[in-house]
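S.K.: As a plain string of letters, each chain reads:
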Amino acid sequence: MTVRTADQSAAEGFWLIRQYNRLTLRQRRTLMGYVFIAPFILGFLFWWLGPAAVAGYLTFHKWNFLAAPKFVGMANITKMFGDPILAQSLKVTVIFSAISVPLSLVFAFFLANLINAKFRFIAIFRTIYFLPSIVPAVANAILWAWLFNTEFGLINYVIRAFGGPKIGWLQDPNWVMLAFVILTVWGVGGSMIIFLAGLQGIPQIFYEAAEIDGAGRWQRTLYVTLPMMSPIIFFNLVIGFINSFQIFVSALLITEGGPQRATLFLVLHIWRTAFGSQKMGYASVLSWLLFAILMALSFVVFRYIGSRVYYENPGE
Amino acid sequence: MGFSETPADFVDARRQPKSYGDIFFHWLTVFLLVFFAVVMVTPFIWLLSSSLKTQINIFQYPPQLIPNPIVPENYLFAMTYKPFGTYFRNTILVAGLNVTAVVFTSSFCAYGFARMRFPGRDFWFGIVMATLFLPYAVLLVPSFIVFSRLGWVDTFLPLVVPPFFGGGAFNIFLMRQFFRTIPEEIADAARIDGCSEFGVYWRVMLPLSKPALITIGIFTLLFAWNDLIGPVTYLRSPENFTIAVGLASFRSQFDVNWDLQLAASSAVTLPVIVLFFLAQRYFIQGVVMTGLKG
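Here the protein sequences line up with chains B and P, keeping their order.
Counting in the numbering used here, the first sequence runs without a single skipped number right up to 316 at its last residue.
Counting in the numbering used here, the second sequence runs without a single skipped number right up to 1294 at its last residue.
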């Protein structure tokens, strides 16, 4: 730096500014970059790596919050393999995901196609379809507990009006899973809107070209819409799996994990282990398990489904 | 964006006379639209109707669709039996701090990721994306231990301090995507006029990003209003409860009083729906931006 301004001369007195002035342009840019992303880096250290280190430490300890943590070696980890409640909770979580994710995806895609139609009052329908997804989780849980009420719930009333049986939605372990799937599918508004935006982003010219080539309505959906939408379908699939593995509030409030642990989903089980039975060490191990499952799942989805996704502008 | 309808005039102009298939398809679409609208809306109507019934009428088979008599007193009782005023104040406090934190720190970090070039930037952005896909539930227990060591349990601190550190991966991502749509020339012009990098962020980028900032602000507000898992983990004394915890504790106390539970639920839901109608555009924009760009 040979050109000196009055400002810089005045700043000579401050050590920090002197140091800064000595930096090359490139170094200054790097410094400024890190200043800008510093909040995130600090947050990552405090709220992600810190807790992860704690979880790592507690993995090998037994701790009930009161006494000092006691070293137990691999006991927490071996315990996991012989825990029938954990096995049950994994089973119901996987079943719930396996049913609710594809169903929600198909339903959201279907609704998005419906509200992509050009009608005069279509905006009203779009609003109606989206509203369920913003209902507060607790209010949502109370509402659905009441809808599924065996004696006085609306759902059983409709079923019985058509001559069906009285179903113990929240009492019968075989039905309760379906109840949870239904209430999840009701709230697909978010992914529906993402699909809708994707549908509106497909250039009309592709449909016209397909039509000229003699493609019918179904062929246009199959050969134009689906390939063009595949990145968005993929995105909704990944998010859907991650969310479904974390189902918690509705299980806590509607069924408290019952009946007969049929809705003891993994996060609820972790929650109870930590804050119910105060087994912080074992709860940490279960948190690692959830982490590992989600990582493995993401890997599989990216590896085997992600490779089939069509990108119009790769590398963007 | 939003619920606007795309002009399709030229498509219609070259339409041939409608075939029977087209007419059938048109009416099938109308039928399905109405059918699913009824399915989606019925739970809301049922919520409203049940919340206005007497204790006796609510346990009646077959159920009344329009309550007779209508009992708005349920709302009054539900809202005053538990200190919902306090819950509301607490929620507004938490939500207000969260919105402030997210709007300023996520845009600040996003500026670094979107507009600065420096070694390590892509590595750190990779970490941002990793935390985006790494759910909150995984860290629930270890974070609780950290916060209890800090002595923060039963205060608002665990709910309001972390957002000041970057404001969450989702918001950083969204702001970064938005910043990248603003032409760099505008920032360069400001730099030539003697603006520092902070000045470019504060005087140029932030004012140009109002729609995106409003979007993430509304999403944060909605999250703070709806979130149960954070408050229920950290807040112990009833005078610290937020709306969501208050409603959950109301439910456990009035287990069989469905009229009151539903009145409380619909009272808690109403502000969210009002917010949605006021800011529909930003909701849609936010949802869409999570899914599409990138």
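Derived from the structure by calculation, the hints contain no laboratory data.
Here a beta-carbon is modelled for each residue, glycine too, at the ideal position from N, C-alpha and C.
Take the hints with a grain of salt, since some may be wrong.
One-sided and incomplete, this derived list gives chain P residues near chain B with beta-carbon spacing under 8 Å [to be verified]:
#	residue
1	S1019
2	F1024
3	L1028
4	L1032
5	V1041
6	L1047
7	D1122
8	C1195
S.K.: Run every hint past the structure and note whether it holds.
M.R.: Going through the hints against the structure:
Residue-level restraint check for P/S1019 is violated (minimum Cβ-Cβ distance to chain B is 11 Å; threshold 8 Å). With a cut of 8 Å, the hint placing P/F1024 at the interface with chain B is violated, because the nearest CB-to-CB distance is about 11 Å. Taken as an interface hint, P/L1028 does not check out: its beta carbon lies about 10 Å from the nearest beta carbon of chain B, beyond 8 Å. Hint status for P/L1032 relative to chain B: holds, with the closest Cβ pair at about 6 Å, below 8 Å.
Checking P/V1041 against chain B by beta carbon gives a least distance of about 6 Å; that is within 8 Å, so the hint holds. At its closest, the beta carbon of P/L1047 sits 5 Å from a beta carbon of chain B; the interface hint therefore holds under the 8 Å criterion. Because the smallest distance between the Cβ of P/D1122 and any Cβ of chain B comes to about 11 Å, over 8 Å, the interface hint for this residue is violated. Taking 8 Å as the C-beta cut-off, the interface hint given for P/C1195 is violated, the closest approach to chain B being about 13 Å.
Checked against the numbered hints above, the structure violates hints 1, 2, 3, 7 and 8; every other hint is satisfied.
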